[in-house]
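We have chain A already, so just place chain B on it with the hints.
Residue numbers (our numbering), protein chains in the order written: chain A, 1 to 351; chain B, 1 to 284.
These are computed hints drawn from the structure, not numbers from a lab.
Heads up, a few of these hints could be off.
[What the hints assert, rightly or not] Straight-line alpha carbon distances no greater than 25 angstroms define the calculated BS3-like cross-link-like pairs of lysine-lysine that follow:
| hint | chain 1 | residue 1 | chain 2 | residue 2 |
| --- | --- | --- | --- | --- |
| 1 | B | K24 | A | K181 |
| 2 | B | K280 | A | K116 |
| 3 | B | K3 | A | K117 |
| 4 | A | K117 | B | K7 |
| 5 | A | K181 | A | K35 |
| 6 | A | K65 | B | K171 |
| 7 | A | K109 | B | K3 |
| 8 | B | K7 | A | K181 |
[Said to hold, decoys possible] Taking CB as the label site, the calculated pair distances span:
| hint | chain 1 | residue 1 | chain 2 | residue 2 | range |
| --- | --- | --- | --- | --- | --- |
| 9 | A | H14 | B | I265 | 51 to 61 angstroms |
| 10 | A | R227 | B | V120 | 43 to 53 angstroms |
| 11 | A | T104 | B | M188 | 36 to 46 angstroms |
| 12 | A | R124 | B | V262 | 15 to 25 angstroms |
| 13 | B | L104 | A | R227 | 33 to 43 angstroms |
| 14 | A | E276 | B | R172 | 25 to 35 angstroms |
As the structure is a prediction and not an experimental result, all values here were calculated from the model.
Glycine is no exception: its CB is placed at the ideal position from the N, C-alpha and C atoms.
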Amino acid sequence: MISKTAMCPGCKTHVTIQGNPGEKILVTCPKCNLKGYFTIPGVKTESGPVSIEICGLTKTYKDVKAVENLSFNVCKGEVFGFLGPNGAGKTTTIKAMLGLIHVTSGDIKINGFDMKKNGIDVKRNIGYLPERVSFYDNLTPVQTLNFFCELKGVDKSVVPSLIKEVGLEEAMNRKVGTFSKGMVQLLGIAQALIGNPSIYILDEPTVGLDARWVRIVREKIKMLNERGATVIFSSHILSEVEALCDRVAIINRGKLIAEDTVANLNKYLHIKPRIEISIEGLDGKVPKVLENLDGVETADAKGDTLFVTCESHVRSHVIAALEEAGFKVANIKTIEPSLEDAFVKLIEGDT
Amino acid sequence: MEKLNPKAIYTIAKKEFLDNIRNKWVILLTFLFVILIVVFSYVAGGQSGGGKTFGNMQNTVIGLVSISSILIPLIAIILGFSTISGEAESGALYVVLSYPVRRLEVLLGKLLGLGSVIIVSTFLGFGLGGIVIAATVGTEAWAGYIAFILLSIFLGFIYLSLSICISAYCKRRITSIGGGLLVFFWNMIYGTILMAILFATGSNIGNLMKGNIPEWFYNSVIFSPSDLHQTAVQRAFGISTIEAMRIKVTIPEFLSMSTLLVVHIIWFVVPLILAYFFFKRRDI
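Here chain A stands alone, though its shape is the one from the complex (with noise of 0.2 angstroms):
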């Protein structure tokens, strides 16, 4: 039996259900009363075996709860973003996950292992790029590959080419000392990609890369997954989420707030295409046609473009409404929701 917290689609309240993985349980809001269906995210509810399975975690840092009570599972073979503002616990639940703190409950299980009981053996199959990485200041990328290499017993001789994939060839001799902030981001993922782990944990991957590398990270990880690992990584950058990513779990203050794929998380929560309109002379107002349209939820004019939030199968009755008010449409655009909508609509909700 797992408890979960979701946000009513219709007055945002936050309820908390209990049911057991995979149970589809029907809901009704306490405050307004409003029904519907959730499904406890569990074991049955993915795609493929289990690669990653937290349960219950907490973590309390004296009196503040950084992680309440958060469950979800990282799919075998998938990209699974974890998705949250600076703050949420993001970076608490990584940790946790390679055992670099101690939980205050709860439990972490990767492979089907037990990170509390057999952690050291379940690291051999990880990689992981932390948030703030650095290294050895009098070290050179070469002895610090070396050195992240026996600790993994891994042989040495894949050091060259780990250096060559990041593009650190030029500075291989240099000390890590004289390194730029993304020189040492990159060195930091050529120490994840040790012995080819079957598990990716990123944490904020892309942060201080310039743009170039930026692409180069996304396409690397998208390689990782290509060859069947499991990636893990948190972002707060949405666009980055949204276009790797299988599934994302978003957090906020140390709570799940949703977990799904993209397209599910936009369904759930009801967001709406937004088409954008091009009339000549509109001159910034709103057309009285549409405030007493059905299916018409928000309607804005800039200049002369109209804004018009509805769902997709009202846009011809939108269009023709126009018309039939004589108004000339030069150009349609519809804009599908994105992450970022959802993720504004779940913050939003959640304070």
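Using the frame of chain A, we list chain B on its own:
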């Protein structure tokens, strides 16, 4: 007790050694050793006269020990004070602990790696100094000199153990600087407290100047590692009476070489055990 992996300990030790042997402060202090030994030998030679330029090993060491018992702790503290707190703050420790390695292995690796830096620095500094004396004056009291080098290394390990303990306890690098300073100045702080106790119990400066030092007062060197070390060095050269500024004091029988060594071991082991407990329950 978990089974330890010697290879992991060795790997950590090797990394610590490679990273810290290039620490510019350590290199500087090692050079200072060589210079100080030659200078003290010269002073000792001048003191004893006899037309010799350099003093023999015993006279040199007796002069040198008051400085080396400050410099060696300084090297150890520089090496150890932020080895855990600093790496936790910078982020390097996150990576290391995400590897298949136990915290006890990391701790022991650090101790051995940083300890090796002290060994190299001490052997290099005192060894070169010893060669200068041996070549100019002779190898008189060489056994005492070897014992002095070994005791210096032991002193270094005691302070390393203390500073690693501080590093494991302190959350941040800046707080461990405070801890390092406390350890460094401990013999002064402790000495002052002890003086206060001595005077409060009825003694005075005049008494001390006559050499009337109560035995408990002398014996209390066991609470200050650097004083402990100096006494052990004197014992190593077979000195039982200290003469300075016309005061003659005999080292109490309680402070035999074996007692001194046991106390050395306690000073080394206890902080290390504490360091392990602090490190084990620490959130990185």
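Checklist line | Pairwise beta carbon distance, B:L104 to A:R227, judged against the given window 33 to 43 angstroms | finding: Given about 35 angstroms between the Cβ atoms, the range holds.
Notebook entry, point to check: Does the Cβ pair A:T104, B:M188 satisfy 36 to 46 angstroms?
Noted result: For A:T104 and B:M188 the Cβ distance comes to about 42 angstroms; the hint holds.
Checklist line | 51 to 61 angstroms as the expected CB spacing between B:I265 and A:H14, which holds or is violated | finding: Once the Cβ atoms are compared, 59 angstroms apart, the range 51 to 61 angstroms for B:I265 and A:H14 holds.
Checklist line | 25 angstroms limit on alpha-carbon distance, applied to hinted pair B:K280 and A:K116 | finding: This hinted pair holds, its Cα atoms lying about 13 angstroms apart.
Margin query: Does B:K3 sit within 25 angstroms of A:K109, going by the straight-line distance between their CA atoms?
Written below: holds (22 angstroms)
Note to self: What's the verdict on A:K181 and A:K35, does the C-alpha distance respect the 25 angstroms limit or exceed it?
What the structure shows: Distance of about 50 angstroms is beyond 25 angstroms: violated.
Item checked: Assessment of proposed distance window 25 to 35 angstroms (beta carbons of A:E276, B:R172) -> Because 51 angstroms falls outside the window, the suggested range is violated.
Margin query: Run the distance test for B:K3 versus A:K117: straight-line Cα separation, threshold 25 angstroms.
Written below: Holds - the C-alpha atoms of A:K117 and B:K3 are around 13 angstroms apart, at most 25 angstroms.
Check: Given the proposed pairing of B:K24 with A:K181, does the C-alpha separation stay at or below 25 angstroms?
Finding: Holds, because 23 angstroms separates the two Cα atoms, which is no more than 25 angstroms.
Checklist line | Hinted pair B:K7 and A:K181, Cα distance within 25 angstroms | finding: violated (31 angstroms)
Next item on the list: Starting from A:K65, check that the Cα of B:K171 is at most 25 angstroms away, please.
Entry: holds (19 angstroms)
Check: Using the C-beta atoms of A:R227 and B:V120, is the stated range 43 to 53 angstroms upheld?
Finding: Holds, since A:R227 and B:V120 (Cβ atoms, about 44 angstroms apart) stay within the stated range.
Checked against the numbered hints above, the structure breaks hints 5, 8, 12, 14 and satisfies the rest.
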